[in-house]
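Protein chains in written order, with this note's numbering: chain E, 32 to 237; chain Z, 67 to 604.
Read the hints as simulated data drawn from the structure, not as lab findings. Don't take each hint at face value.
Claimed, not checked - What follows is a set of in silico ranges between Cβ atoms, one per label pair, in the way DEER data are often shown:
#, chain 1, residue 1, chain 2, residue 2, range
1, E, L117, Z, V89, 31 to 37 Å
2, Z, G229, E, G195, 41 to 47 Å
3, E, M162, Z, G94, 36 to 42 Å
If you're wondering where the values come from, they're calculated on a predicted model, not measured in any experiment. In this text, a Cβ means the ideal position worked out from N, Cα and C, and glycines have one as well.
Next come the chains, spelled out residue by residue.
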Amino acid sequence: MSYPANTAAAQGLALCHVCCHLDHVERHQCSRCGAELHLRHPDSLQRTMALLITAVILYIPANVLPIMDTVQLGGGEPSTILGGVLLLIKLDSYPVAAVIFIASVMVPIAKLLAMFYLVWSARRRNPGSPMQCTKIYRMTELVGKWSMVDVFVVSILVALIQLGGLLSILPGPAALAFAGVVVCTMLAAHGFDTRLIWDRARENND
Amino acid sequence: MTEAIASVKPRRKVPVIWFVPIVAALLGIWMVVYHYMNEGPEISITFNTADGIQPGKTKIKALSIELGVVESVEMTTDLNQVLVKAKMERFATPLLMDDTQFWVVRPRIGRGGVSGLETILSGGYIQLEAGTGKIKQRSFEGLEEPPVTPAGAPGLKLILDSGRAASVAAGDPVLFRGYQVGSVETAEFHAKSKRMEYSLFIDEPYDALVNRNTRFWNTSGVTLKAGADGFDVEFGSLETILMGGVAFDLPQDESPGESVQDGARFDLFPNHDAINQKHYYNHVDYVVAFEQSVSGLKPGAAVEYRGIKVGTVQRLLITEAAEQNRGYGAPIPVLIRFEPARLGLPDTPAALAGMEKQLEGGVAHGLRANLKTANLLTGEAIIDLNFFPDAGSAELGEFAGYVVIPTVKTGIAGLEQKVGQVLKKLNELPLEPVLQDLSATLVAVRESVENINGALTSKKASAMTASVESALRKLNATLDSVAPDSPTADSLNMALRDLNQTLRNIETLTRKLSDKPNSLIFSTPAGADPVPQQGGSR
């Protein structure tokens, strides 16, 4: 792979991932901190892909299993994410239903789709605009901060509402799965080397 | 110096990161497989009503542990019942046997108290009560009411048989000496046999109290009984007064019989007394025929031997007497039953034979039956056997195939008879001749008195009185001569005084002589004159 002459990579220089020291790639190890030197994140796309697939797998139990178990006067009532949304719609609490739906359903799915698109475009022969891809990536990063909102709500409710047999809320197995989805997508986004987008674009331009 | 040789490893084609999705996928697959492997059975229960059952919400519980959840509620094909389908947990599978019971727990206010209050807020649930069955079953018939005793509870199931519908209902207590040891499970009336059948459950360990000789009676309410032995009020605990119940115990003086199995049948006696009456196996029937009124004599009345109950009156043999047509005023035959066991004799044929022999011998020596009024208030009569030495010897008779014991009339009836006899005898006395004799005698007496009167008024009599008068006067003069102030009396007094003095002197003399017989010869020596001393005598 060749790099444009006006880049550090073209001159055999790479940034240390750990201490951000610019060093010669041939050294393989950072002369300052000893960390391994790479021009790009190694197996970046593979890692992102693997984590995304994990997130997809985890997304199934996160929606099928109950996320929260409301024990009310001795009678437990487990509810799934979509079940909760439907219940809120039935109770005419549309804003809350919308918030939950966006935070718990739309955002993770959007994030997953966006990441898949980025990975796909980083690999394909003639990708779309690198600018557009970068925008998608930025949005993913932005939204990703809020994708834990669901898990956050559940953990707060579980911590606050513990009135014994009268009313208590217990976390369901889906909460864990959902947290897994969020963590996996965040790691995937983090592991994705955005420079690959531009690498590919340059290659195509050459 | 050795050259540093870098060990060059080829890069792995597949990065380690791919283990993450593989592990996740494997976990997911394993969860799915686990879920299906641990999926409990699906059961169906039929109820009469779906009240309180909500699909997806109503739980099936046992011991307050969730065993399953209702998935759907629909009507049965005949549209008469509700078919509840429920998904059970896998661990609940061993509980789903042929005798497992299901019922919906709802708030209930019944005879046994208030139950299921917690379901007011949380909604009803279906209670599962496991039994001891061994046959797997997946479709059940739900109970409308909670069962009185849980299926498979240790204890004894009994069936009571009663000719009348006593005030005993399902759920009533079964008492042993006032303590609840079980409960009535069901009370059914069988139209065919026209009998009530109660099924009872005696809890462990009280089931050991029940044996073949145990008798059950109805303790419901209050029993007021007026019998030959007075009034008798009987009631159990307040609970049984309000709700009724069944009690059991051994009859008096009865030893426990062999133990009984599940489903043993017993009779339900109407009251406590009844259990002590009906258990003599050896008995002999006799007939006593009364010429008097048998008023107050009822079947069941006591037959006593000198106050000890030996049997009961069975019935009046009116039909048999009518058949024999023994004429007007024929005695009324009464069938009585002797039970030697009542006397404390063993309940054996041998004891019975002995008693029969005794009776026969007794009759020859004056043993008779008689009717006694035992209770003047109610007029209840009993039959008493006693020895009447005056009755003389008699033999046992025979009537309609029964041995007849001779009777005497006693009591008020006997008294009446005796008074009647006395009056009759009085009536029969020969009073007329006696009265005639008496009047003749009186006439003679009168004549004698008249004769005496005549004699007294005659002249002879007056002369006689005059001479008597003179004789009396003479006697008076003689008596006057010895009056206290007459000279005769004075001299007589003097003489007597002298005599007295002489006699006293003789007394001293004789005393002296007896003390000292020689004093006639020797004079008594005179003692020293007493000298008064200073300070008085010592």
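Kindly confirm whether 31 to 37 Å is satisfied by the beta carbon distance between E:L117 and Z:V89. Since E:L117 and Z:V89 have Cβ atoms about 32 Å apart, the given range 31 to 37 Å holds.
Does the Cβ pair Z:G229, E:G195 satisfy 41 to 47 Å? violated (56 Å)
Could you see if the CB distance from E:M162 to Z:G94 stays within 36 to 42 Å? Check passed, 37 Å falls within 36 to 42 Å.
Figure legend: structure checked against the earlier numbered hints; the only hint not met is number 2.
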